[in-house]
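Q: Protein sequence lines correspond, in order, to chains U and W.
In this text, residue positions in the first sequence follow the working numbering: the first is 1, and each later residue adds one.
In this text, residue positions in the second sequence follow the working numbering: the first is 1, and each later residue adds one.
Please keep in mind that the hints were generated in silico from the structure rather than gathered at the bench.
A couple of the hints might just be wrong.
From the structure, some residues in chain W lie toward chain U, with a derived Cβ separation under 10 Å [unchecked claim]:
id : residue
1  : P20
2  : G72
3  : W78
4  : Y100
5  : F101
The calculated lysine to aspartate or glutamate pairs, modelled on EDC-like cross-linking and capped at a C-alpha distance of 16 Å, are [to be verified]:
id : chain 1 : residue 1 : chain 2 : residue 2
6  : U       : K30       : U       : E216
7  : W       : K42       : W       : E32
8  : W       : K62       : W       : E45
9  : W       : K42       : W       : D59
10 : W       : K7        : U       : E192
11 : W       : K42       : W       : E55
12 : W       : K6        : U       : E216
13 : W       : K3        : U       : E225
14 : W       : K62       : W       : E73
Here the structure is a predicted model, which means the values were calculated and not measured.
Here a beta-carbon is modelled for each residue, glycine too, at the ideal position from N, C-alpha and C.
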Amino acid sequence: MHIPDGYLSPQTYIPLLGLAAAFWSVALRKIKTGLSHRYIPYLAMAAAFSFLIQMFNIPIPGGTTGHAVGGAIIAILLGPWAAVIAVSIVLVIQAVVFGDGGITAIGANCFNMAVVLPFISYWVFRIICGPARTGKRVRAAAFMAGYSGLFMASISTAIQFGIQPLIAQDAQGLPLYAPYPLAIAVPAMAVEHLLLFGILEGIVTALILGYFMKHEMDLIYAFREIKND
Amino acid sequence: MTKFQKKLWIGLVVMALLSPIGIFLPQFFMAEGAWGEWSSEKLKEMMGFVPAGLERLADLWKAPIAGYNLGGEGASVWVQGLWYIVSGLIGILIVGCIAYFLARIINRNAP
């Protein structure tokens, strides 16, 4: 889901960089005033975890590969704004140091994986989980949070790919950037994330939440937030 | 650092050591890269041309450890695997430090 350089037109990547920057500025303000200091070591671990889980490329036999992002579990454990920061740091380092995702596409990639993913995941978790604190409902909420968050991030990415042929063409009408239209990009990315990669993010989210519920229940941000309602 | 946090860091390092699974599995199942992230050569093969704007921007940046591999494109899977582990360790060190110090510096509640 890491859009490389050259796939997005400036008319796409510049506004998305602005949008991502708006979220970064709010997220930094939240960390400045709203984050309890006991979350800080976990923020570092969250960034490390997201970096590593993205290295585990899982193949569709004979097809494409994909991976979980970890943004859903970070949003549930540390809150969606902390997830914005942790995943954004990962995406910037991946682009700059490892050439994974384009420099020009940093805003777009951060918007998809560090904004859409954690916020969808966080709210899906809270809505499905409700007041439950144990049992199947929490596990189902965690799975669906990861599943739907990654799915929506993939749709957002696919739309950015798919609108390129509409935005920029050369004199012969050939696309200047990402060549495939919405009718190809959206179904292609939707299906692979519905059938495999979304499930992966869902499982990762449910397993790690289960581990934290056993060992550090009172840390979990999504549960503390609900208590304050 | 609490005992629980120490355990989590150990878990993260173990993840880095296991990360070559992420290159072995796709090779074993003959899967290619992610959808929409093809190289210019691959696009040419798929479409018969490389979009002009894409070609202009594609090589904008030379990453120091491009593709999590310094062993070159022809490197054996073992060399690639080793660089993958090294990249994982370097990666978590960089992102962990940035996240930690960024939060420490700006957070008002930080002790």
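Q: Holds or violated: are the alpha carbons of K42(W) and E32(W) at most 16 Å from each other?
A: holds (11 Å)
Q: For the pair we were handed, K3(W) and E225(U), check the Cα-Cα distance against 16 Å.
A: violated (26 Å)
Q: Would the pair K62(W) and E73(W) pass a check requiring their Cα atoms to be no farther apart than 16 Å?
A: It holds: about 15 Å lies between the C-alpha atoms, which stays within 16 Å.
Q: Between K7(W) and E192(U), is the straight-line Cα distance small enough, at 16 Å or below?
A: violated (34 Å)
Q: Is the shortest C-beta separation between P20(W) and chain U less than 10 Å?
A: Hint holds; P20(W) Cβ to chain U Cβ min 9 Å, cut 10 Å.
Q: Verify the proposed pairing of K42(W) with D59(W), using a straight-line Cα cut of 16 Å.
A: Cα-Cα ~14 Å, so holds.
Q: Straight-line Cα separation of K30(U) and E216(U) no greater than 16 Å?
A: The given pair, whose Cα atoms are some 22 Å apart, is violated under the 16 Å limit.
Q: Would the pair K6(W) and E216(U) pass a check requiring their Cα atoms to be no farther apart than 16 Å?
A: holds (13 Å)
Q: Between K62(W) and E45(W), is the straight-line Cα distance small enough, at 16 Å or below?
A: At roughly 23 Å apart (the allowed maximum being 16 Å), E45(W) and K62(W) break the hint.
Q: Hint check: is the beta carbon of F101(W) less than 10 Å from a beta carbon of chain U?
A: holds (9 Å)
Q: Can we keep the Y100(W) interface hint, with Cβ of chain U closer than 10 Å?
A: With Cβ-Cβ at 4 Å, under 10 Å, it holds.
Q: With a cut-off of 10 Å on the beta carbons, see whether G72(W) makes it to chain U.
A: violated (14 Å)
In summary, the structure is inconsistent with hints 2, 3, 6, 8, 10, 13 from the numbered list given earlier, while agreeing with the others.
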